[in-house]
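Colleague: Residue numbers (the working numbering), protein chains in the order written: chain A, 89 to 537; chain B, 714 to 820.
Mixed in with the good hints, there may be bad ones.
Said to hold, decoys possible - Computed, partial: chain B to chain A, Cβ under 10 Å:
id, residue
1, 718
2, 734
3, 748
4, 749
5, 753
6, 760
7, 761
8, 766
9, 790
10, 807
11, 811
12, 812
As the list claims (entries may be wrong) - The calculated SDA-like cross-link candidates involving lysine to any residue, where the alpha carbons are at most 20 Å apart (straight line), are:
id, chain 1, residue 1, chain 2, residue 2
13, B, 727, A, 312
14, A, 401, A, 227
15, A, 312, B, 802
16, B, 801, A, 223
17, A, 401, B, 727
18, B, 727, A, 522
19, B, 801, A, 401
20, B, 801, A, 524
Hints in this document: simulated from the structure, not taken from any laboratory. Every residue, glycine too, gets a C-beta built ideally from N, C-alpha and C.
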Amino acid sequence: MKARIRIGAGAGFSGDRIDPALELAEKGGVDYLVFECLAERTIALAHRERLSGRGPGYDPLLEERMRLVLPWLRRRGFRLITNMGAAAPRAAARRTAEIARALGLSGLRIAALTGDDVTARLMAEPAAHPLLEREGTLADLGEAVVSANAYLGSAGIVAALAAGAEVVITGRVADPALFLAPMIHDFGWPAGDWERLGQGTVIGHLLECAGQLTGGYFAAPPEKDVPGLARLGFPFADVAPDGSAELGKVEGSGGRISLATVKEQLLYEVLDPAAYLQPDVTADFTAVTLEELGPSRIAVRGGRGRPPPPTLKVSVGYRDGFIGEGEISYAGPGAVARAELAAAILRERFAWRGLPFEEVRFDQIGRDAVWRAPLPPDAPEPLEVRLRVAARAPSAALAAEVGREVEALYTNGPAGGGGVRQSVREVIAVVSVLIPRAWAEPRVEMEVA
Amino acid sequence: MRLAALAHARSGDKGDTSQISVIAYDPADYPWLCAQLTVERVAAHFGPLVEGPIRRYELPALAALNFVFERALGGGVTRALTLDAHGKCLSGVLLALELPDPQGRGG
């Protein structure tokens, strides 16, 4: 058994920077480089693109990432694991094989992991599947359903690694499982070893957002100063067979890993820290201890685990109408009063024209748009505000009326309104259902370049 | 005194649920923060933006509190009409919470 393995994080979301991944690939000494690129809704958007023929259904940056990273994979001898397969892991694997051949990397073994797409099975009997977030069942969404993908665990990736895959491309897999799989593969952790699976999940969870561990989403000068954010390095973990790990980053890269950055990321998007529900394990973060070993070098121990829930979570993407938006700015004395007047005019126009919006929201950017909490009584009058109007509509044509009415304020509204922008977008929303584990069996297909 | 003087925070989202960790810069301040940063005080600070219940989890090993806010994101990132549909800015909102003068703490 290896004394330790080094797992690097090459991306924390679909559009993430590529240069820090290349830095890890070239200088990081990694055994595995993991690209986590699939947010909750991304897979539904990819399905919609694939179905409409507007896109291949895999991550739009897959080709660029593979072209740049694969030469290093061969030179340095690491393996790559990614969920960039999105709605089309097999097509992504075939495309990756083409890229590998063009780069002269013949023989590269690329695994496509499928089995997460449970759309057909769920929609065969939609009324049998209650929604987790609200009343109702999948039958209430009916034709609007675009996709249903179960969160798979690590088993399929472990099988692909055991079959000799150098690149593993998945669709929907629980994010920490992308990192847990190589630990299980190299250290031979048995099923039911909840303690180590829990600790491995802690490490995977810390790495899955890449730069959020090394000082991204953290800096707040002057108290929380982070050096070199423009060249932020992505993290790696040196994992020992017992699951304990040391976090680090490439010497000379930007950012900093500190006790504070690790604590923030450990709790990021965690609800009950004693019960972090995963398909592989229910992880418990409450006894995790951190120790600073040196600059950007933190030891992590103490993650624990219990058996996972008997069900798997499924994200269901569905068409949920359109959102129309319009924005206009006001500056100087009385800017807030003019923005409020503009909002009042729009409310009256919407009512008088009988525009059947399902929901309308007014914000003043610079005052209460992202603040949203009650304003303190001593809140200062801003030098400028930007009125933002957003409305939900069943059709794109109706949604577009929001921007049209905002634009008309140029010549028909309060004094000094400028900088109108307007947009319309289709909404693909997500709800969740639970399924028996047996409904989503991972399948591995190997593509050889 | 604002909470930001004693603690840092990070917000995340799960569907329509917002989550904000609050971590003491100095672990010695943690018991005082636990006493001051009650669910009631946090609820009053956020007001009607949080439509559902608020839960607080204590993590003494990290000198951290984890707050979970149900129905706080206007339906969640995939469909909310809000500008910051993730609620990423809400950590900053929480750090602006006014706390009593720290002179009185420790007793």
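Colleague: Next step is simple, just say for each hint if it's right about the structure.
Modeller: Hint check results:
Of the supplied interface hints, the one on residue 718 (chain B) holds, with its beta-carbon coming within about 9 Å of a beta-carbon of chain A, less than 10 Å. Because the beta carbon of residue 734 (chain B) sits about 4 Å from the nearest beta carbon in chain A, less than 10 Å, this interface hint is met. Against a cut-off of 10 Å between C-beta atoms, the interface hint on residue 748 (chain B) is violated, since the closest Cβ of chain A lies about 20 Å away. With its C-beta approaching chain A no nearer than about 18 Å, residue 749 (chain B) sits outside the 10 Å limit, and its interface hint is violated.
This hint is violated: residue 753 (chain B) has a C-beta 15 Å from the nearest C-beta of chain A, more than the 10 Å allowed. A cut of 10 Å between beta carbons decides the hint on residue 760 (chain B): the least distance to chain A is about 4 Å, and the hint holds. This hint holds: residue 761 (chain B) has a C-beta 8 Å from the nearest C-beta of chain A, less than the 10 Å allowed. Hint status for residue 766 (chain B) relative to chain A: violated, with the closest Cβ pair at about 12 Å, above 10 Å.
Restraint check, residue 790 (chain B) versus chain A: the minimum CB separation of about 7 Å is within 10 Å; hint holds. Here the hint on residue 807 (chain B) is kept, as its CB sits about 9 Å from the closest CB of chain A, short of 10 Å. Because the beta carbon of residue 811 (chain B) sits about 8 Å from the nearest beta carbon in chain A, less than 10 Å, this interface hint is met. Below 10 Å, beta-carbon pairs count as interface contacts, and residue 812 (chain B) has none with chain A, the closest being about 14 Å; its hint is therefore violated.
For the proposed pair residue 727 (chain B) and residue 312 (chain A), the alpha carbon gap of about 26 Å is over 20 Å, so the pair is violated. Distance hint between residue 401 (chain A) and residue 227 (chain A) is fulfilled; the C-alpha atoms sit about 18 Å from each other, no more than 20 Å. With a CA separation close to 16 Å, the supplied pair residue 312 (chain A) and residue 802 (chain B) stays within the 20 Å bound. Of the pairs offered as hints, the one joining residue 801 (chain B) and residue 223 (chain A) is violated, with about 27 Å between alpha carbons and a cut-off of 20 Å exceeded.
With a C-alpha separation of about 13 Å, the suggested pairing of residue 401 (chain A) with residue 727 (chain B) holds against the 20 Å cut-off. About 16 Å separates the Cα atoms of residue 727 (chain B) and residue 522 (chain A), which keeps this hinted pair within 20 Å; it holds. Distance check on the hinted pair: residue 801 (chain B) and residue 401 (chain A) sit about 24 Å apart at the alpha-carbon level, beyond 20 Å; violated. Between the alpha carbons of residue 801 (chain B) and residue 524 (chain A) the distance comes to roughly 33 Å, so the proposed pair goes past 20 Å and is violated.
Hint check: violations occur at hints 3, 4, 5, 8, 12, 13, 16, 19 and 20; the rest are consistent with the structure.
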